[in-house]
Structure formats: C-alpha cells, structure tokens
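Using the sequences provided together with the hints, build the complete structure.
First to last, the sequence lines map onto chains A and B.
Add 3 to the 1-based position in the first sequence for my numbering, that's all there is to it.
Add 6 to the 1-based position in the second sequence for my numbering, that's all there is to it.
Bear in mind the hints are in silico, worked out from the structure with no lab data behind them.
One thing to keep in mind: the hints can contain errors.
[What the hints assert, rightly or not] From the structure, some residues in chain B lie toward chain A, with a derived Cβ separation under 8 Å:
1. V8
2. T85
3. V175
4. R176
5. F178
6. L221
[What the hints assert, rightly or not] In the DSSO-like style, the derived pairs of lysine-lysine whose C-alpha atoms are separated by at most 27 Å in a straight line are:
7. B:K240 - A:K78
8. A:K78 - B:K135
9. B:K48 - A:K42
10. B:K266 - B:K303
11. A:K78 - B:K206
12. B:K82 - B:K48
Every residue gets a Cβ at the ideal spot worked out from N, C-alpha and C, and that includes glycine.
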Amino acid sequence: MQREVGTLPLAPALRARLVAAGFQTAQELLETGPCGLSKEIGISKEEALEVLQLVRQECQGDATRSAGGSGATRKCTALELLEEEQTQGFIITFCSALDNILGGGVQLTKITEICGAPGVGKTQLCMQLAVDVQIPECFGGVAGEAVFIDTEGSFMVDRVVDIATACVQHCQLIAEAHQEADHLKALESFSLESILSHIYYFRCRDYTELLAQVYLLPDFLAEHSKVRLVVIDGIAFPFRHDFEDLSLRTRLLNGLAQQLIITANDHRAAVVLTNQMTTRIGQNQSTLVPALGESWGHAATVRLIFHWDESQSLMASEMCSLQLSLRRQKGLK
Amino acid sequence: MVVLRAGLCPGLGEEMLHLLRANGIRTVVDFVSSDLEDVAQKCSLSYKALVAVRRVLLAQFSAFPANGADLYEELKSTTAILPTGIPSLDQLLDSGLYTGEVTELMGAPGSGKTQVCLGIAATMSLSLKHRVLFLDSTGGLTASRLYQMLQARVEDEEEQATLQRIQVVRVFDIYEMLSALQELRDCLSQQVLSSVGPLKIVIIDSVSAVIYPLLGGKQSEGLAIMMQLARELKSLAREFSLTVVVTNQVTRDSSTGPLKPALGRSWSFVPSTRVLLESKEATWEKASTQRVASLAKSPRQPTGIQVELNIGDVDVQEPSPVTPT
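What follows is the structure in structure tokens.
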C-alpha cells in the first residue's frame, strides 16, 4: 500500500499532475476518493474513478503476491526452474555439429539469433527449423507448430516441400528400424500436408507492420496454443533503411526485444531471428559484425554467427561460432 | 511534499484546513515556509495555534541530523562485505560486495555479465547459505548452468537446497520490476522470518533491458521512471542492508567511437561501483572463457585496476564472510 505514485503505470500527464498536487503514495490516493481526486487535480470524475481502480488493482496484486499467492508473476526458485528446463525439449536442426554447440538444439523460451553474410544459409536454417519443430515427441521433437514472419520475401514454398519430404522420410526410416506402435501411429499424422498446414506465414513489408505483428502475436498464440517456434526472417531489413532518428530505432528495437522475450516465456516457444552483417571500419582493418548496433546484441540469449571458411568451397562447409551462449562457448572447426 | 490533511497533527482541524487551502497553502512545505504572522492575519487564525502546529509538523517530517561518529558506528555494525566467489573480482571490489550499495557490471554482449551474476548467486547460496533474489529481465538465466556450476562442488542433496534458496522472478517490463521490488520491500519490512536464510543480495540482470524501451525518441518520462527505479534500489540497499548488483549494457557514440556504459549520465550516478567486463581477444573467432574486468568507478579503490577472470569455471569456493574492522 505504500507504493509510490511515480511507480504506478499511469499516463505521464496524469502522473505529473498527481505529483504536483502533493500525492506521494498509493494509500493517499485511495483515501481521497474519486470526488476529492477529481477536484484536486482537475480531471473528470470518470477519469478519477479509472485511476483509482487501476491503483487498487496494482495494490491488490502486490498484496496477493507478498502473501504467497503466485498470481500472474513468473516467480519460482532455481530448483523449479531447473526441473522445468530438464523436461523441456529442444528443436533439433538435423546438423549434429550445430546441435552440439547449441547444447542439443534450439532452446524453447529463449531468443536465438542467426547472423551471417548473404547467402550463407540463414533462411534455409529457419525453414528447416519450421519443419523440425513439428516432429512428433516419440521421434525426439516437440510436436509444435510454427509461425514464420517474413520481411524480405525469401520464403520459398518449394524448398519447404523438399525439406518436409526429407524429414518425413527420415522419420519413416527410424520407425521401420524400431517398429514400435506409437512411432507408426505418430507417422500417420506427420505427413507433408500436415507439416505445411501448421506453418503460419506472415509477410511484413515495413517496420510498422513488423511491430504490429509482434505485438499482436500473443493474441494469435492464445488461439493457437501449440505453436512452439516463432521465426522472424530478416529483423534487420526493415530497420536498416529509411531511419533518420537512431534513438527512436534503438527504442523500438528494444521494445520489440522485450515483447519477444515475453512471448517466448509465456507461451514456451522458441524465437529465432535472422540478422544481417555490417562492416565496422577500425583503425587499420575492417571486420564484419552483426547489424543493428551494440544494444541489439543484448536482445538474444544465443547468437550464432555463420561465416565462410577460406579454404573450403562455397557449398561444402560452414563454420560457425557461438558468440553469446549461456552455457558454453566453443568455436567449431 | 505531503498534502495537509485534517488529523495530520493535533490542532489541525477541518476549518483551519479550509482557510489555509483558500489561501494557497496545501502542503506541509508551503505551511512551514510561509510567514505565520501573515497567514494568521489573512486567514484570521490564532498565531499561537499556527506556531504549535508548525512545531509538530517540523518534528514529524524533518530529517534528523546525525553526527559522523554515530554514523560510522552504525555503518560498522550493519555493513557486511560479501565475497563474490571469484577471488580476482573480490580483489577488484576491495574484498567483496559491500551491503548498502549498488554495484554495476557492464559489458558488451557475450562479455560474461550473466555468468558472473550466476557465480555470485551460487556462492551466496552455497557458501554463505543466504537467500538470493534474482530479477531476470532478459530471459538469460539458465538454471542448468547454475546446476553445472554447483555440481563440481557439492553433493546431490545440498545442490537441491542451494537451488531452492535462489529465488528467480522474471520481469520483462519496468512496472513489473517496480512491483517486484515493492513486494520485496513489503516482505522485508514485515520481517518475515524465513527458515531458508537471510536475504542479503538482490541481483538484477539486466536493468537496461527494461529501461531502454522508454528512453530515446522525444519523451522525457523515461528518465523519470529510471530515476524512480534508481531511488527504489538505493533506498532498499540502505534501509535493509542489502547489496544490489545490476548489469548494464555498453553502447558507442558512433560506429567507431569507444565503448561507454548505457543509460547515460543520469544513471552513472546511481551505482557506487562500476566494473567493465571485456573479452581478452578482440574477435569472437577464437572461443575463450577469459575475461578482463576493469574498475570504472569506485568509492574506495583507484579506478583503472584490471584483473583477469575465467568465466568458464567460476570457482565457487568456501570463503568466510569478511566484516570490516
């Protein structure tokens, strides 16, 4: 009840007026009542009533939380968190080297960022993940659906068909080798049509559409609760051209990152983003670094950077190193 | 700025309040700073009554001065220095994290801030048997990594108890963070005695993730909320003798400028100690767990000291807590 007025989520103009009128804690606001409040600050009675309702809600939320109720907060001990993580699956990528450095695959409830030069295979990897997330649990997958948000228009359905067919064949081979009943049953629902129908595709042409899509995602995910993967292919593209106000860009990107992590956490989904590379010109050399600046680097929990190995040919090998990882850091040669 | 209300002190009745309001005196500050003879004439109130009310209000609301010696004695008995579990970092921080202060770890992505925070949480819970409150705003906390850190040091049952002492709250929004801090304050002020252990440390990873979406653009209210958060953290640290560890990002002015801490100049006054973490190698091509920590701001040590630490194998030792002599 001793919550300060400045910490309540009110509109800034209203907050300024309340502080100027001398109110300091939520308790004082509630004691004044709506009529007194509207007189003292000069707002209408309905607005005063709304404000008091909001304050009451916040304080009640605090009270239930401190009394031990869990409410809507994401509060737990590290032990419970560990148990949750151990039962969570990974989305495998079908490339064992990659799965190895990721610690088993793409983790759920975390943001993974894939950076690389053009043509290195970022969209391919995203399409592969959109198919892999649907692998049934008995084959080691998470049996989820995928949301694919495309900003660059590089999503090729024919390629997804190829990947999906290969995946189904792979699972069929496993089923034949093991001959278990649940494997065969799962295979019945795991077909090309079902895979394609469970990838929800959105096309966003500029940053406003992208922001709108991401902020509306929780409602979409509430209806489609089986979604376990959200891919945003090309997060850098809408933000890199046509932005004069860089501080606005940082603000929007950070808001986007927070919204994505909230979505990932609440719906137990993995969020995969792809980013471009840009050149940083140093004093005597230039290096390729991920685009969108330093502050964007903190948005992702896991960052994969793909680059070409000088000696090998284009298609044959990809060397990738994990820049940011919570669990381990290894360069894979 | 407390608003004058009837019953705030004996002698302040409803009619007196109305008369004062009619003359523009609404808050305690207005009352105490106005000329009482003038007020007595304008509001036709008795001068004696006004002086009595002023005396009571001053006694109630003014801050009590303390002398340096008493302050020193108080600090000696209430401050503790908590070891971080990383000897080189302890050396940098002048033997550990001081309670009653806010310490900041800053660094570029991948520099090891979250790893160091996890190491500190593990040490506090394991060696000192303290409860830890970890506010996670980036989703970067992986309990499996904590488990990995503890596994090398201790047997199974103790691991479970240790993990139970670390409480994780995931807050992804500034208001959620403020609610969580308010809840902590309520919990501590009611002095809920817990069988699990005392709470002496709050780790916030990271504070810039929740504030960045509010700053920038043309709005200045982001700064106001940031300062509210700063005030809340410092008052929690001081009132309940906690140590608050926060992590912050670094940014550049231009694409070739030097790295500087994020959140600007206003935030730079909030932490008493600032440590910058950097990778030893310049590029990410060679993976390594070596990091360099340098002291950017400290009330006790000269700035610019650098130490090396290895975040791969954060050494969760069994040191005893050091209290100042």
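Here is what the structure says about each hint:
no.	hint	verdict
1	V8	holds, 7 Å
2	T85	violated, 25 Å
3	V175	holds, 5 Å
4	R176	holds, 4 Å
5	F178	holds, 5 Å
6	L221	holds, 7 Å
7	B:K240 - A:K78	holds, 23 Å
8	A:K78 - B:K135	holds, 20 Å
9	B:K48 - A:K42	holds, 24 Å
10	B:K266 - B:K303	holds, 13 Å
11	A:K78 - B:K206	holds, 18 Å
12	B:K82 - B:K48	violated, 52 Å
Consistency note: the structure conflicts with the earlier hints numbered 2 and 12.
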